Each structure stands twice: as structure tokens, then as C-alpha cells.
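Visitor: Listed below, chain by chain, are the residues.
2 protein chains.
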Amino acid sequence: MTGERGNGVCVLGTGLIGGSVIRAATSAGYDVWGYNRSPAGAHAARADGFDVTDDIAAALGRAADRRALVVIGVPLPALHPILTAVQKYAPECDLTDVISVKGPVLDAVRAHGLAARFVGGHPMAGTSESGWSAATGDLFRHAVWAIGVDPGTRPQTWTRVAELALDCGSVLAPVVAAEHDAAVARISHLPHVLAEALAVAGAAGGDLALGLAAGSFRDGTRVAATAPDLVRAICEPNAAALLDALDDTLRLLADARDHLAADGTLGPLIDTGHRMRDRYETLERPEITDIVPGDPDWLERLRAAGQTGAVLRKLP
Amino acid sequence: MTGERGNGVCVLGTGLIGGSVIRAATSAGYDVWGYNRSPAGAHAARADGFDVTDDIAAALGRAADRRALVVIGVPLPALHPILTAVQKYAPECDLTDVISVKGPVLDAVRAHGLAARFVGGHPMAGTSESGWSAATGDLFRHAVWAIGVDPGTRPQTWTRVAELALDCGSVLAPVVAAEHDAAVARISHLPHVLAEALAVAGAAGGDLALGLAAGSFRDGTRVAATAPDLVRAICEPNAAALLDALDDTLRLLADARDHLAADGTLGPLIDTGHRMRDRYETLERPEITDIVPGDPDWLERLRAAGQTGAVLRKLP
Chain R
1 MTGERGNGVC VLGTGLIGGS VIRAATSAGY DVWGYNRSPA GAHAARADGF DVTDDIAAAL
61 GRAADRRALV VIGVPLPALH PILTAVQKYA PECDLTDVIS VKGPVLDAVR AHGLAARFVG
121 GHPMAGTSES GWSAATGDLF RHAVWAIGVD PGTRPQTWTR VAELALDCGS VLAPVVAAEH
181 DAAVARISHL PHVLAEALAV AGAAGGDLAL GLAAGSFRDG TRVAATAPDL VRAICEPNAA
241 ALLDALDDTL RLLADARDHL AADGTLGPLI DTGHRMRDRY ETLERPEITD IVPGDPDWLE
301 RLRAAGQTGA VLRKLP
Chain A
1 MTGERGNGVC VLGTGLIGGS VIRAATSAGY DVWGYNRSPA GAHAARADGF DVTDDIAAAL
61 GRAADRRALV VIGVPLPALH PILTAVQKYA PECDLTDVIS VKGPVLDAVR AHGLAARFVG
121 GHPMAGTSES GWSAATGDLF RHAVWAIGVD PGTRPQTWTR VAELALDCGS VLAPVVAAEH
181 DAAVARISHL PHVLAEALAV AGAAGGDLAL GLAAGSFRDG TRVAATAPDL VRAICEPNAA
241 ALLDALDDTL RLLADARDHL AADGTLGPLI DTGHRMRDRY ETLERPEITD IVPGDPDWLE
301 RLRAAGQTGA VLRKLP
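Top line first, the protein sequences correspond to chains R and A.
For the first sequence, the positions run 1 to 316 when the working numbering is used.
For the second sequence, the positions run 1 to 316 when the working numbering is used.
No lab work stands behind these hints, which were simulated from the structure alone.
Mixed in with the good hints, there may be bad ones.
[Stated by the list, open to error] Each computed SDA-like pair below joins lysine to any residue, with the alpha-carbon atoms no more than 25 Å apart:
{"hint": "1", "chain 1": "R", "residue 1": "K88", "chain 2": "R", "residue 2": "G6"}
{"hint": "2", "chain 1": "R", "residue 1": "K314", "chain 2": "A", "residue 2": "N7"}
{"hint": "3", "chain 1": "R", "residue 1": "K314", "chain 2": "A", "residue 2": "A214"}
{"hint": "4", "chain 1": "R", "residue 1": "K314", "chain 2": "A", "residue 2": "G206"}
{"hint": "5", "chain 1": "A", "residue 1": "K314", "chain 2": "A", "residue 2": "G206"}
{"hint": "6", "chain 1": "A", "residue 1": "K314", "chain 2": "R", "residue 2": "D207"}
{"hint": "7", "chain 1": "A", "residue 1": "K314", "chain 2": "A", "residue 2": "R275"}
{"hint": "8", "chain 1": "R", "residue 1": "K314", "chain 2": "R", "residue 2": "G215"}
{"hint": "9", "chain 1": "R", "residue 1": "K88", "chain 2": "R", "residue 2": "H112"}
{"hint": "10", "chain 1": "A", "residue 1": "K88", "chain 2": "A", "residue 2": "G206"}
{"hint": "11", "chain 1": "R", "residue 1": "K314", "chain 2": "A", "residue 2": "V292"}
{"hint": "12", "chain 1": "A", "residue 1": "K314", "chain 2": "A", "residue 2": "P155"}
{"hint": "13", "chain 1": "A", "residue 1": "K314", "chain 2": "R", "residue 2": "G206"}
{"hint": "14", "chain 1": "A", "residue 1": "K314", "chain 2": "A", "residue 2": "G6"}
{"hint": "15", "chain 1": "A", "residue 1": "K314", "chain 2": "A", "residue 2": "T289"}
{"hint": "16", "chain 1": "A", "residue 1": "K314", "chain 2": "R", "residue 2": "G6"}
{"hint": "17", "chain 1": "A", "residue 1": "K314", "chain 2": "R", "residue 2": "A214"}
None of the values given here were measured: they were computed from a predicted structure.
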């Protein structure tokens, strides 16, 4: 552990994602401590041998003393009091987050005057479980970790956040906030909404239907097992982008429905869907190797590379 | 192997499901032979040591000589020529099928004058692969196998079909054709349509979106990897029931969409979806133990039990 890595990581929030950052960063050799609002939550993490307190002033005071990297791992609805505390106790620390939308987080960070040392992040990993007990040090292994390349990003902060994500076992997808949110509306938030609708429409067939359900229904409804408050906290802050994705989906389904009523076929949806699933399965992930943080146009170049699906597997 | 079990099983069609019946029934000790329309398909099964011909007259002639149970394992669009052959070569054989809709199959069986010795079946198992190469002897283990209890069913034929399904490792869900088709529209055909729509709406976000996709998108689109012709053959014959399920889904999604536009929430969908997924996860499967085929009202009693999600794990 050399340079700024050695300064430690302070994780605020010890749920599935924040807790997994604590475990993964600890395994990677970082000096890690954390905070959870609930004494019981903090205690659960301590009982597993991790340094977690329910005293946010203490956690952030230590971060300020150590110039630690602060990682915000609370759901979006809990963000504002966390930022207020960061502003108060650790305003000079490098700051990132692991929340599932980036635009609203960036807005809030700016509103708290913390944008200069902030780089947003979003590890694309999860389970339908939540809380510290579901957290694992392997959650981010081979996952894609979206990392902000918004205008004004400091190279030093960016590099530090990138190192943490890489050290947790992920590859990095550079993306600006608005494009991230438009993308995850389609591949993360929309799947949640469709899973919920499938669960309801399936159960409307009664116990006979649920009793006949096999793999397609089980897989298609899996994420509907996620705690409802968490699903809302993930999806609803991304309302505008999710509306676009939902409107597209409603058009696709209404077209299939109209075909079925008119001529007994599902129309073009099945061929197109199969082709798009194949595109996903066979997606090439070019590796970004030649863009050095701080070089001219580095942010724009990373953004352009990320738009093609390219990722960083290590820092140049 | 005693009684009629010893008379053997003739499987017409050696794709994923028919091929898996050949493998599973062989493992269970049945004398099994099969037919595939394509010489190459028949050869592939023979190369694996199974007795499969591309001569349907020969396969069915042997079935007639042996009073074998004939299992139709072709997609619905290929059903009519198969039934014509059964009518010609083996009209006195007990007959079942493993096709994913039951009403259209029953209609076709009746039209060919074969209803007296027919009991429909539908093992609720599959993968996104297809063809003989994907078939396995374990496919039906712990699966639910829907079995027809339509009016007029002969107890002897029913018992024989039930024994085969049980010997393949499944439990039996008794159901009449129309109720089967309404149920599978919701828990099998609708998941296919939603998976296709999700694949298209996700890919509309470009390679950036597909590159960020993780478990929820992967699971939600899994069955869109199924061959399009097979998806159509499974879903489109069940148009009326699938229309009902699609209309319900469109209403649920439009309601969530309208909530999102109006107040930034997804409305009641998330709570209801979570509750319905939980209902699926915790569904109790009472065991049917006391209904003897041929007893008074046995078909009605099996139907009523099946409607509650009850299953047979062995014959009484």
C-alpha cells in the first residue's frame, strides 16, 4: 500500500454495497473504517471484526485527520444528512459514492459545495438480499464499476477512486452522470419494474399458475424479491430516464399485443429481442490503455471510450 | 418394470423435451425408441446410443405391435402430420404429448379421432438451448409435469402417462386444457415476451448500457436467447390467454408510468410485486394422496385439487 491508498477509506453506510466495499477494501489491504446510522447495524459489523461506529462525527473526523477517501454507501433518500456531515467534518477529503443514480447525487454534492473533490461511482453488482449480512468481499469481483468523468473532475481524486474500484476486483466503465442514468434506467431500473409487473400478472393466475411456474418465471421475477423500499430508492430518483425506458417498453409490448390480436403472431418483437440478447451476450469490451488522467482532454476521451463499451482493467 | 410400463415408450420428436424424455425414460428402465423427421437428428441420437429412426411408419408400427405409449414431442406447428401418422399406424396406442399448450393439442387430437386414448402433458422444464444436444435425463427431475384431467379421460391411459412423468422424476399437477393454457400464458409465455421487450429496450441504450448490464438484465432477458421460431411456436398458439396476460401487464406498467410522470413514484406496483413474488416463493404444494383414477368424480376432484396448487408425488 503506497501513496494515498495508505490513507485509508471511510465508508458511510454498511448495507449490501457499502458493507461489501468495507469487506473488499479490507481484503485488498486498505485501512478501512465505517459508519452506520443504526447502533445495531454498526454492532453487527463490529461483531464480524470490522471497525464500524454509529458516530458519524468520529468516523469523518478520523477521515479528515487521515485525508482518507470517503465512500458514501447509503440509499439516495438518506444522502442529504450524510453530505451535511461530510461538509461539516471532512470537507477536504476525496469523496465518492456507490449509489445507483449519478445525476441526483452530483446535484446534491454540488449543492453542498463538495464537488471539487468528488467522483461518482456505481458498482454494477447486487443481489436481491440487502443489509450488512448480505455483504461479501467478492461482490465486485469481475463486476463493472461505473466511474464518473464529469467536467471538472480532479485527476488525483479520480485516480484514487479508480484504484479502490480496481482493488475491489472490478473493471471501470467511464461515464458522465446523465449518460449513466439513461443507461441504468434501461438495464437496471427497467428490469426491476418488469419483474414486479410479471410477479403480479403471474400471481393473477392463482396458485395453479404459480405452481406451474418454472425457470422463466423464477428468473424473470428474481429482483422483485428485493425490499420494496430499496427498489423505490433505486428507481424513483431516476424518473425521467426510467419514463423513457418504460415508454419504449410499453410501445414494444402494445405492438406485440396488437399483432397477436390481429393476426395471431407476436410481430417483429421475438426476432429483434433475440438479436438484442445476442448483442448483449457477444458484446466486446475493448480495453482502455492509453488515456492518462490529467492529460489533455482525458475526461472527454474517457467518456467517448466508455460510450463504446470500453473499460479500464488497470490504470495506465 | 411390470404391466403396461413394460410395453415401451415411442417418442416422436427428439428436441430438447422429446430427447430428454428419451433419456429420462431410458434411465428409468423403460424400453424406449424414437423418431425424428430429419435423418441428421435421428443419427445424432443413434450416435449417442439411442434407438431413433427417421422412418415414422417403422417407429409407430413397432408402437402398435407393442401397445406402447406414444409421446408426441414436436412443436405445435409440426403436430398435424404427426397425428395423421399416429391415426394411420398406431390408432389404438395410448397417446400423450409434451407440448406447451394443451387446448390446441386437444382440438387437433379430437379432429384426428384420437381423443379416447389421449392424455395431454406438459413438463414445466426447459433451457434456452434447444435440440437433441441440449437434452438431458435430468431435465424433469423435481420439475412439475402438468397432466390433463379433461372430461372423458380413460383412467388406464392417465395412469400410464402419470407413471412415465413420475418415473422421469417429476411431480404431477392435474389440470384441464383451458386452465393450463390460461396459467402458462402468465408464468411461461408472458415471461418470454417480457424478456424480448427488455432485451430490445436495454439495447436501445447502446453498448454503454449493455456494458453496464449486470444480474437483473441478464436474468430478465435469459429466455430471449431461445431460438425465435421456438418462442413463436410456444407462445403464439396460446394467443387468447396470452392477450389477457399482456393486457394485464400493459395496465400495470402504464399505471406505474403514469404515477412516475405525475408524482415521481412507481405507485403500488413495487409493494404488490414484492408480495406476489413472496407468494410464489412460499407457495405450499399440498400432496394429493387419496384420489384413485377411475373412482367416482376422480377427474373433477383432481382438477379441483390442482387448482389449489396441489400435486401428486406418487400414484395412490
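Visitor: Are R/K314 and A/A214 close enough, with their CA atoms no more than 25 Å apart?
Guide: Between R/K314 and A/A214 the Cα gap is close to 21 Å, so the pair holds against 25 Å.
Visitor: Given the hinted pair A/K314 and A/G6, is their Cα-Cα distance within 25 Å?
Guide: holds, 19 Å
Visitor: Given the hinted pair A/K314 and R/G6, is their Cα-Cα distance within 25 Å?
Guide: Outside the cut-off at roughly 64 Å; violated.
Visitor: CA of A/K314 to CA of R/A214, is that 25 Å or under?
Guide: The given pair, whose Cα atoms are some 21 Å apart, holds under the 25 Å limit.
Visitor: Check the hint pairing R/K314 with A/N7 against an upper bound of 25 Å on the C-alpha distance.
Guide: The given pair, whose Cα atoms are some 65 Å apart, is violated under the 25 Å limit.
Visitor: Taking only the CA atoms, is the gap from R/K314 to R/G215 under or equal to 25 Å?
Guide: violated, 37 Å
Visitor: Between the alpha carbons of R/K88 and R/G6, is the straight-line distance 25 Å or under?
Guide: The given pair, whose Cα atoms are some 24 Å apart, holds under the 25 Å limit.
Visitor: Can you confirm whether the C-alpha distance between R/K88 and R/H112 stays at or below 25 Å?
Guide: It holds: about 10 Å lies between the C-alpha atoms, which stays within 25 Å.
Visitor: Is A/K314 within 25 Å of A/P155, Cα to Cα?
Guide: holds, 15 Å
Visitor: Run the distance test for A/K314 versus A/R275: straight-line Cα separation, threshold 25 Å.
Guide: Given that 25 Å is the threshold and the Cα spacing comes to 32 Å, the pair is violated.
Visitor: Hey, A/K314 versus A/G206, does the alpha-carbon distance stay inside 25 Å?
Guide: It is violated: about 51 Å lies between the C-alpha atoms, which goes past 25 Å.
Visitor: Hey, R/K314 versus A/G206, does the alpha-carbon distance stay inside 25 Å?
Guide: holds, 24 Å
Going down the numbered hints, you'll see the structure goes against 2, 5, 7, 8, 10, 11, 16, while the others check out.
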